[in-house]
Amino acid sequence: MDCSIIGYDPVGAWIKTTDTVAELLSYRNTGGLTWININALKDPLAIHPLAEIFNIHPLTIEDILDREQRPKAEEFADYLFITLKAIIRHEEEIGFEQISLILTPDTVITFQEIPGDSFHGIRRRIMDNIGKIRRMGADYLAYAIIDSVVDEYFLTLDTLGDGIEDFEERALDENDTSLISDLQKVKQTLIRIRRVIWPLRENLISLLRLDSNLINQELEPFLKDLQDNVIQVVETLETYRELLAGVMEVNLSALSNRMNKVMKVLTIISTIFIPLTFIVGVYGMNFAYMPELEHPYAYPITWGVMVFIAGGMLLFFKRRHWL
Amino acid sequence: MDCSIIGYDPVGAWIKTTDTVAELLSYRNTGGLTWININALKDPLAIHPLAEIFNIHPLTIEDILDREQRPKAEEFADYLFITLKAIIRHEEEIGFEQISLILTPDTVITFQEIPGDSFHGIRRRIMDNIGKIRRMGADYLAYAIIDSVVDEYFLTLDTLGDGIEDFEERALDENDTSLISDLQKVKQTLIRIRRVIWPLRENLISLLRLDSNLINQELEPFLKDLQDNVIQVVETLETYRELLAGVMEVNLSALSNRMNKVMKVLTIISTIFIPLTFIVGVYGMNFAYMPELEHPYAYPITWGVMVFIAGGMLLFFKRRHWL
Amino acid sequence: MDCSIIGYDPVGAWIKTTDTVAELLSYRNTGGLTWININALKDPLAIHPLAEIFNIHPLTIEDILDREQRPKAEEFADYLFITLKAIIRHEEEIGFEQISLILTPDTVITFQEIPGDSFHGIRRRIMDNIGKIRRMGADYLAYAIIDSVVDEYFLTLDTLGDGIEDFEERALDENDTSLISDLQKVKQTLIRIRRVIWPLRENLISLLRLDSNLINQELEPFLKDLQDNVIQVVETLETYRELLAGVMEVNLSALSNRMNKVMKVLTIISTIFIPLTFIVGVYGMNFAYMPELEHPYAYPITWGVMVFIAGGMLLFFKRRHWL
Amino acid sequence: MDCSIIGYDPVGAWIKTTDTVAELLSYRNTGGLTWININALKDPLAIHPLAEIFNIHPLTIEDILDREQRPKAEEFADYLFITLKAIIRHEEEIGFEQISLILTPDTVITFQEIPGDSFHGIRRRIMDNIGKIRRMGADYLAYAIIDSVVDEYFLTLDTLGDGIEDFEERALDENDTSLISDLQKVKQTLIRIRRVIWPLRENLISLLRLDSNLINQELEPFLKDLQDNVIQVVETLETYRELLAGVMEVNLSALSNRMNKVMKVLTIISTIFIPLTFIVGVYGMNFAYMPELEHPYAYPITWGVMVFIAGGMLLFFKRRHWL
Amino acid sequence: MDCSIIGYDPVGAWIKTTDTVAELLSYRNTGGLTWININALKDPLAIHPLAEIFNIHPLTIEDILDREQRPKAEEFADYLFITLKAIIRHEEEIGFEQISLILTPDTVITFQEIPGDSFHGIRRRIMDNIGKIRRMGADYLAYAIIDSVVDEYFLTLDTLGDGIEDFEERALDENDTSLISDLQKVKQTLIRIRRVIWPLRENLISLLRLDSNLINQELEPFLKDLQDNVIQVVETLETYRELLAGVMEVNLSALSNRMNKVMKVLTIISTIFIPLTFIVGVYGMNFAYMPELEHPYAYPITWGVMVFIAGGMLLFFKRRHWL
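Chains as they are written, first to last, in our numbering: chain A, 1 to 323; chain B, 324 to 646; chain C, 647 to 969; chain D, 970 to 1292; chain E, 1293 to 1615.
These are computed hints drawn from the structure, not numbers from a lab.
A portion of the hints provided could be inaccurate.
[Stated by the list, open to error] When the alpha-carbon atoms are kept at most 20 Å apart in a straight line, the in silico SDA-like pairs for lysine to any residue are as follows: (1) C/K831 with B/E572; (2) C/K907 with B/E572; (3) A/K264 with D/K1233; (4) D/K1233 with C/M959; (5) A/K261 with E/I1561; (6) D/K1193 with E/G1323; (7) C/K870 with D/R1036.
[Said to hold, decoys possible] Facing chain E, from chain A, some residues (calculated, C-beta under 7 Å): (8) T177; (9) V186; (10) F273.
[Stated by the list, open to error] Non-contacting residues of chain D with respect to chain E, defined by C-beta distances greater than 12 Å in every case (computed): (11) Y977; (12) Y996; (13) D1047; (14) R1058; (15) H1059; (16) G1090; (17) M1096; (18) L1129; (19) N1226; (20) R1227; (21) I1248; (22) V1276; (23) F1277.
For every residue, glycine included, the Cβ atom is placed at its ideal position computed from N, Cα and C.
Please construct the entire structure, taking both the sequences and the accompanying hints into account.
Written out as structure tokens, the structure reads:
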């Protein structure tokens, strides 16, 4: 486990990293804002000193430790608790990391499931005093963290969107038999993303309705903007699913068109030769009395009849647009 | 970038075009109304003088510059911000242009993504004093702009509707193998249009509920009418999708009916000749003792039997309605 | 264009027909109620004298003239505006006519798109003093007009319902290849009806909620009844669509069952004769040393073997329930 | 037409049956409660004496007489009007009967479409003083009547549920070609039941919200229970539809698996014999110079080659899991 | 039937088990809390002493005894009644047990359908004073019981989830013909679970809204957490259904791809040999005058022609990507 603590106010900012939660607590900022970030929390006991100081409800601790926790936002007496899933991309694979966030009037505590540097951008904005983050309250910091999580979804969706365009081209290639299972993989990814992003939408709506005194009125346009972004993610997911369904229909239609074409040509070849084979069979019979056999032009005449039959059938098929 | 500024009141109207936003600001109308239109804004800094004068929130500027912004309407302290997508048609292709609109008590500022003359009609109505636009407030101008955007959707839907009628005729042509992929293209267009028009519907509803003092009571029937038009667009899109689904079903059924007919006829031909070929094969055997071979009428009798078998099979198929 | 004006009160009733709107206005009833009906309005200017007298909003006039107007109900300062689609049946074809209705305290103005006699029944009830229409207010007249429009939908649905029962019988007839496209035509009709009836439902709900003083409390059960009828139309449409979907499934299943049966029988015939044809081919070979050929019972033995093979295959197919 | 009238109070109960409505009215109970039941009402005029006494609105009478009336609950000045559909089972067939119910403070009037004894159980509870029905008010009687109607739906659903279990077994029997059309019949029954039960759900909700003084507070848990039962009917219908859809998928998959298996085996037989037939054809040719024909072991060698080819093909098909 | 009664307060706890309900009642705790658990209630009369003491409504008793009762929560004058379904797993089989719960200020009464030890964990927490259960009220005990029921759903879903991952692997195995019916079994299980868990969701929402004085404010976060868990169960069910639908699509596509491949190869073999068989048939004819027959190189030339034709067809099929 590794922890970091950042203290800042409009004038300055400092950062410390420690190995245990207990160590952290001696650094708490007074006057300004404090941001405590805890990575890869495994030992439930380690959280207790924090829980006592910030009066954290046992259910909140349970939710922080439960990695399958559904995204939610809940108001408690002394703090606001928000948990959501961040998206993580490793090449083709998409995973999720649980981010929990506790907002008190002067402190933000974040819990990350996987050690990493997801919040690097925000940390830099605080340390280098970029934008207005230093002049805003703890609620703005919480907003900035959630916003950076949602932004990552947009980047992922862009990548998926490019993949869907590829599918649209592949849909007409009838030999691409792996298309359907590739499609299903993307579809399952969309289902999994929607499953974690959908509750976030409700949570942001309920945050706006909570009218908590932990959230300043000033923050409202930011929260609305955030909610708007989440809705856009959800709508983009829906649009992608519809596009994928369309790709699938085109592909099935292409496959079946092609199969039909192949079978038709092959069947027509058989159909033309079968009567001809019958005719040559007739004159292969060994009957003692078959007057045609002796006729001097019988052989060329038979050829003529066969060419005529074959031609007639071809013409018939052509007329009926079967060829 | 090119900008234009129009000042008007019930008595008169004037227009100026400039290259930079800064130049524009010296022309601001006093007493009457001002309409500032900015084309193809690329440099975010260029907008700052405007932002300062009209007290525009940083989030609004971000939304204006983000071309993927979801349509929305938001009220700020000093202005109402509306962003929506205009539809652009280039022959068969359909694209979208982001239109952002800031409404203050005496000024309307519009931002267009693509330089063009979408608002030509409204400009003419102001300059030539057509209708009541000059006698109405800034809110009516905003309404007129949004209305002209929505009208363009209706024209596009009419064109698409004509295309769907063509599809209904093509559905029964079994040789039209490109129908499905053509259908999918239209379907994707419908999905894309719905994606940008759907949020507009909510926004207009929320505008009506906002009860902002930027919007006069007098404007309410116009806004309701506009909302009504947007709902009609959405419903028309849904109807089109259902009609397309129907076209697809008819086409699949036509294709499969035809394929079945072809395969059946071909299979029946094979089925009739196969037993006959067997019979002629029998008398092609070279056994030393085959009494039939010597019989003087064996050959015509064999023909008779074969004609009888073929006729019997044809009759059987006919009776079972397989032909 | 032809116009009619009816004046009535509990005591008496009179009717006039004129060619122009202007003429009409001299006949306006005082004390009692007036019903002005205008057919096939084409010239927008002709409506202006009416508009001035009844203080009709320009948007209302626009809606009356726009034949693609979505059904809606709107309250203005001096009147209630309702526009809806009447269904028109010409034998198999179903069309729609736009009916617009303006309700003021003492006058009802109706606009019909197509000259005809849709309101004949109501006119008779007024002139012949049938039922309580003469004793009721202008709101009841408006209700009676809308009710007669909705009743026409019920009659149309009854006819469509009979057609669906026919489809259920046709579904099992595998030779009925036009079933699917006939089904689709009915489905499209259902889609088109739903599109015009659906908004009516909301409008009646909003009329009930409007609490307008143009509508007496006494009329409420009638409006509720009317709303109920509209909901019943919508639900019947949904039921029909589900029944049609069922018919389609049965038909596809019947077609595919039959095709499978045909193909199976034909394939089995081929499969039985192909090995036999091979055997007769063997003894048709011209090798110098083929001992079987000289055997006196070779021919009948070969027949025996072939009958045995054919019988064995038939038995095998029968056992596996392939026949 | 036959009518019955029951009068009861906690102390006693009496019953009369008459042929006309007029006769009934002389028996009205004073002090206690009266239940008037009218069977198979055909003559609209016969209802008028009732209508006058109980001040029944013309729309209510219309609804009672209209057999296609959608279930609804409506409050009028002096009474509550409820109309719903009772389910009637005749062996396999399911039909509906319209039950209308008027609830006044001391009287319940019921109208049945089909003469029968649906309310026998309730009549017995009143006459034999079973349960608390005699001690409760008119609202409880109305509840008991509706409850007995809803109970009949549960019994019908149980029967349908047993049928669905049969379908699940039949789904895997590929020769059961009538399954799909049997399924569709049950599906249509479910659609028809849902159509009449769905509005009942809303009506009970609206009854609970009406806060009518015709319904005692004491009755609320009973109405909630009833509403709960109706919801359970609707949910059971939905579950059945989903189960039927599943049965259909399993059946289609079973049919197609089997068809594929049959076609594959048959096609493989043809495929093996076709090259062999070619070979025997080769040595059936009558060319003057064919060296193989004279070779003493040509015939057995040919057989060897053919067995080798057939065996190789079988092995190849086996390896590819085509057999 | 077997019953147990537990009395506890922060200081101590005791447990008694009896055979009849009547015996139980002598043990009721005073001062502290009482938990009465009744297993496998069959005799409706046995419940009467309880009903009298706790003033239980007859409808509640009916609901407790009706095993098909839909989950619900209802508030009565003296108690809160909750009934829900617990999930029971026996290896592969999934069943449901009805749990009814009556909450009074100082007593919780639970009814289990099947004798078993579902509540073992809670009993241990009370007896061994684990956690805060002894310090909390009767409402917390009720919460803990429902929570343990919902937890069992999560465990079941985890098992099902593992099964779905197996399906995803099996989907691409075209010989796995039992996949579809296995899938349907899981799908039916999901339908059945959703049917009993869905109403629970509403009930918890209504419990939170009831604002009953039986539920302390302190319990609210626990109830919200519980509701959250139920929603997560429902969403997981939906996700599973979508994943199963995807598995099905992949499997159908795999099956059809494979069938097509097989049929194509087989048909191509036939198509190549059919013209060759015709050629050898030609030279098997017995015409007296067939000049080719006498040609010394006719036999090798014929072979050459046949190899050329077969090669040409193979090349043609290859070029068209039919092989």
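Hint by hint, here is what the structure shows:
For the given pair, C/K831 sits about 12 Å from B/E572 by alpha-carbon distance, which is consistent with the 20 Å threshold. With a CA separation close to 24 Å, the supplied pair C/K907 and B/E572 exceeds the 20 Å bound. A C-alpha spacing of about 18 Å is found between A/K264 and D/K1233, which places the hinted pair at or below 20 Å, so the restraint holds. Only pairs whose Cα atoms come within 20 Å are accepted, and D/K1233 paired with C/M959 is accepted, the gap being roughly 15 Å.
Distance check on the hinted pair: A/K261 and E/I1561 sit about 17 Å apart at the alpha-carbon level, within 20 Å; holds. The straight-line distance between the Cα atoms of D/K1193 and E/G1323 is roughly 34 Å, outside the 20 Å bound, and the hint therefore fails. Of the pairs offered as hints, the one joining C/K870 and D/R1036 holds, with about 18 Å between alpha carbons and a cut-off of 20 Å not exceeded. Against a cut-off of 7 Å between C-beta atoms, the interface hint on A/T177 holds, since the closest Cβ of chain E lies about 5 Å away.
For A/V186, the suggested interface contact is broken, since its CB lies about 10 Å from the closest CB of chain E, more than 7 Å. Taking 7 Å as the C-beta cut-off, the interface hint given for A/F273 holds, the closest approach to chain E being about 5 Å. At roughly 20 Å from the closest C-beta of chain E, the C-beta of D/Y977 stays outside 12 Å, upholding its exclusion from the interface. Interface exclusion of D/Y996 from chain E stands, the closest Cβ pair being 32 Å apart, more than 12 Å.
Once the 12 Å rule is applied to beta carbons, D/D1047 is consistent with being away from chain E; the minimum gap is 29 Å. With a least beta-carbon separation of about 19 Å from chain E, D/R1058 lies farther than 12 Å from that chain, consistent with its non-interface assignment. No beta-carbon of chain E is positioned within 12 Å of the beta-carbon of D/H1059; the least distance is around 25 Å. Separation of D/G1090 from chain E is adequate, the least Cβ-Cβ distance of about 16 Å exceeding the 12 Å criterion.
The beta carbon of D/M1096 sits about 21 Å from the closest Cβ of chain E, which is more than 12 Å, so the claim that it is off the interface holds. Once the 12 Å rule is applied to beta carbons, D/L1129 is consistent with being away from chain E; the minimum gap is 15 Å. Taking the minimum C-beta to C-beta distance to chain E, about 5 Å, the non-interface status of D/N1226 is violated against the 12 Å cut. Residue placement check: D/R1227 does not keep its beta carbon more than 12 Å from all beta carbons of chain E (closest about 9 Å).
Separation of D/I1248 from chain E is inadequate, the least Cβ-Cβ distance of about 9 Å not exceeding the 12 Å criterion. No Cβ of chain E approaches the Cβ of D/V1276 within 12 Å, the least distance being about 18 Å, so the stated non-interface status holds. Listed as a non-interface residue, D/F1277 keeps its Cβ farther than 12 Å from every Cβ of chain E; the least gap is roughly 16 Å.
In the structure shown, a violation is registered for the earlier hints numbered 2, 6, 9, 19, 20 and 21, in ascending order.
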